[in-house]
Amino acid sequence: MKVYYKTLKDLPREELFAPGHRMCAGCGAAIAMRWITKTIGPNAIIANATGCVEVTTTPYPETAWMHPYIHVAFENSAAVASGVEAAIKALRRKGLWDAGDTKVVVIAGDGGTYDIGLQSLSGMLERRHGVLYILYDNEAYMNTGIQRSGSTPKFSWTTTTPVGTAVRGKIQWKKDIMGIVMAHRVPYAATASISHILDMVNKIKTALEYTSEGPTFLHIFAPCVPGWRYPENKTVEVARLAVETGYFPLYEWDHGKLKLNPPSNAHLDKSKRRPLKEYLKLQGRFAHLTDEEIAELEKELDAYWEYLGKLAQL
Amino acid sequence: MQVQKTKHIEALTTNYAVAYAVKAADVDVIAVYPITPQTTIVEKISEFVANGELNAELIHVESEHSALSAVVGAAATGARVFTATSSQGLELMHEVLHIAAGMRLPIVMAVPSRTLSAPISIHGDYSDLMNARDTGWVIYIAASAQEAYDTVIQAFRLAESVSLPVMVSYDGFLMSHTVEPVELNDEEEVRKFLPRAVRPYTLNPKRPVTMGPLASPDWYYEFKYQQVLALKEAYKVAKEVDSEYGRRFGRSYGVVETYRMEDADYAIVAYGGASYGNARAAADLARKRGIAAGVVRVRLYRPFPTADVLKALDGVKAFAVVDRAIMFGSPAEGPLYKDIATAMYMHGIDKPALGVIHGIGQRTMYVEDMYKIYTMLRENPRKEVVFLGVRV
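Those protein sequence lines, which keep their order, are chains A and B.
Start counting the first sequence at 1; every next residue gets the next number (full-length UniProt numbering).
Start counting the second sequence at 1; every next residue gets the next number (full-length UniProt numbering).
Among these hints, one or two may not hold up.
Only pairs whose alpha carbons sit at most 30 Å apart, straight line, appear in this in silico DSS-like list of lysine-lysine [claimed, not checked]:
{"id": "1", "chain 1": "B", "residue 1": "Lys-7", "chain 2": "A", "residue 2": "Lys-89"}
{"id": "2", "chain 1": "A", "residue 1": "Lys-299", "chain 2": "B", "residue 2": "Lys-44"}
{"id": "3", "chain 1": "B", "residue 1": "Lys-206", "chain 2": "A", "residue 2": "Lys-205"}
{"id": "4", "chain 1": "B", "residue 1": "Lys-224", "chain 2": "A", "residue 2": "Lys-94"}
{"id": "5", "chain 1": "A", "residue 1": "Lys-2", "chain 2": "A", "residue 2": "Lys-310"}
{"id": "6", "chain 1": "A", "residue 1": "Lys-38", "chain 2": "B", "residue 2": "Lys-206"}
{"id": "7", "chain 1": "A", "residue 1": "Lys-310", "chain 2": "A", "residue 2": "Lys-299"}
{"id": "8", "chain 1": "A", "residue 1": "Lys-89", "chain 2": "B", "residue 2": "Lys-44"}
{"id": "9", "chain 1": "B", "residue 1": "Lys-206", "chain 2": "A", "residue 2": "Lys-2"}
{"id": "10", "chain 1": "A", "residue 1": "Lys-272", "chain 2": "A", "residue 2": "Lys-259"}
{"id": "11", "chain 1": "A", "residue 1": "Lys-234", "chain 2": "A", "residue 2": "Lys-259"}
{"id": "12", "chain 1": "A", "residue 1": "Lys-281", "chain 2": "A", "residue 2": "Lys-175"}
{"id": "13", "chain 1": "A", "residue 1": "Lys-89", "chain 2": "B", "residue 2": "Lys-338"}
{"id": "14", "chain 1": "A", "residue 1": "Lys-94", "chain 2": "B", "residue 2": "Lys-192"}
{"id": "15", "chain 1": "A", "residue 1": "Lys-9", "chain 2": "B", "residue 2": "Lys-206"}
{"id": "16", "chain 1": "A", "residue 1": "Lys-257", "chain 2": "A", "residue 2": "Lys-310"}
{"id": "17", "chain 1": "B", "residue 1": "Lys-224", "chain 2": "B", "residue 2": "Lys-236"}
{"id": "18", "chain 1": "B", "residue 1": "Lys-7", "chain 2": "A", "residue 2": "Lys-94"}
Covered, in the sense of this in silico footprint (three residues per stretch, anywhere, with C-beta under 8 Å from a C-beta of chain A), are these stretches of chain B [said to hold, decoys possible]:
{"id": "19", "region": "27-38"}
{"id": "20", "region": "52-61"}
{"id": "21", "region": "71-84"}
{"id": "22", "region": "213-227"}
Residues from chain B shown here face chain A by an in silico Cβ test under 7 Å; the list is partial [stated by the list, open to error]:
{"id": "23", "residue": "Ser-66"}
{"id": "24", "residue": "Ile-99"}
{"id": "25", "residue": "Leu-203"}
{"id": "26", "residue": "Pro-205"}
{"id": "27", "residue": "Pro-208"}
{"id": "28", "residue": "Thr-210"}
The set of hints was computed from the structure by calculation and includes no laboratory data.
Glycine is no exception: its CB is placed at the ideal position from the N, C-alpha and C atoms.
All chains should be modelled from the sequences, with the hints used to inform the complete structure.
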């Protein structure tokens, strides 16, 4: 990661995400959108997948977007962005593009990325379009009212993985989306959390710069108040605990090298991580967990850190 | 306007003719995905790009859904775009067909038509196209390689004039893979016919707009009504574009084409190459045998050219509509038949009209079969749907 912003005072001042949108109080994605739009600057085109962000920011005849913005459908934002990027290339070559070095940015949720949009994402990465793809991960289909996605963690309550006597929440583990993206050998991919703003904006900027080489990817952790069932003033706290317990490690994949970023760079040593329970207990979606289930989650988390440790040594 | 003097004629399949039209139109972005019988279009275009004859970006998408999505993105950015598909590919695009029309994007797509699974068949009929007919696209059905070439060029002009996507369809295999002589226009002249207009609403950071927003019940209906109006406008503009094309390049077709209809008592209404060609041969045969037969071909299928079709059928005693697609469970299984029946009912016209389904899955349709339709019309004029050429 290149460091463009050293302190909070260096952060971009210009607001490019207008107030008056319909996002929930305390929405993690809203925080992400504000920093994404500020950091990418005005000369960018945004392609958005269907989801919470899309429906809450574009109620006709109003819009929260000061960027040129396009939403087409749920599963195709990467394909749409591929077309935008190709169009700019062709028009520039023919002397028909008048806006200079315009960047192309995708914003999509976990449903539109892990599940229904995975094919178009893979196609875009394989073709190496110069597009920054930003996933905001709130770990379920929140737009339709909290249904499980490929990103939902094991044992989590959702409306389609209810906690009953026979089945207790989601049965499967969360899909490793970063692993899938890294397997496409993109120049840059990174994780970020809305609780660690400097880290996040520097990664957005870095990922944007690298689009001159090919596709880049950001996985931004964005807690959801109604979906995760915590009070709306706790969003940043929940996100910070996700990082500090090691649940959501901050790292970047830069040209085939994996590097853990602070504070996650200390977390290979388990004793430096806060207990996972501190993160889980804040959220209603995990309220039903037994000690055995928490132990199983911890075991899986340890295994994940072992895997990350090996990748970091490559 | 001066008609082009020097003639440049090539032996081309309809698919190749379409590729030549795309080259002449100086298209910027083309989404490439293979499906039979479409594939040779994008192969030929890829050759043009590889040889530097066409300055375009090819996007080698991973599905037809992404093919249309990518050209939606490119068209929204202000590029001139093209893609092509058939059959299951058109079905996979279906969701995005509605979106492309709803977003009023001037996309041109070629559809050599092919039947649908199951069972799988790669052969031609119009089942795919007819499933796409109510998506808000302008739809042409061409009847020769020459016409497909001319129609693709007209389609760009129409699409960019009325802000609607346009499909140019024709018979899978019977046309897509059949070689015919095609007169090619001078490319400079085509580019004069298709001037680059700066569209007011595109994705450009200098003039930011939000495209594809959410519309509440307060607004959604108005968007859809505007599409209705745009298609009505397209009916008028399609005729103007065809006339101007005729003045510049010496070939025009109208939105409805007629053959020996001046004094016809009995008519076959058809679309596409094989049906129209066979129907004309059958009309000649019928005329020799003393039946005043004629043929009406619907070239512009959406918006439906109601006035022109009714006018063409004005003097006949009875007619048959030949469909190469089945609308399962419909009161009449032929889609064009149902369109014409509706048009007649709405205009208070009551006439014997036979619905004929034929050529499904490219079942061979003989001129004799078409001739038989004329005898059926003369001997027993009635309203009924018959399935020709099927083993029952």
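- Task: Kindly indicate which numbered hints from before are broken by the structure, ordering the numbers from low to high.
- Result: The structure breaks hints 1, 2, 4, 13; every other hint is satisfied.
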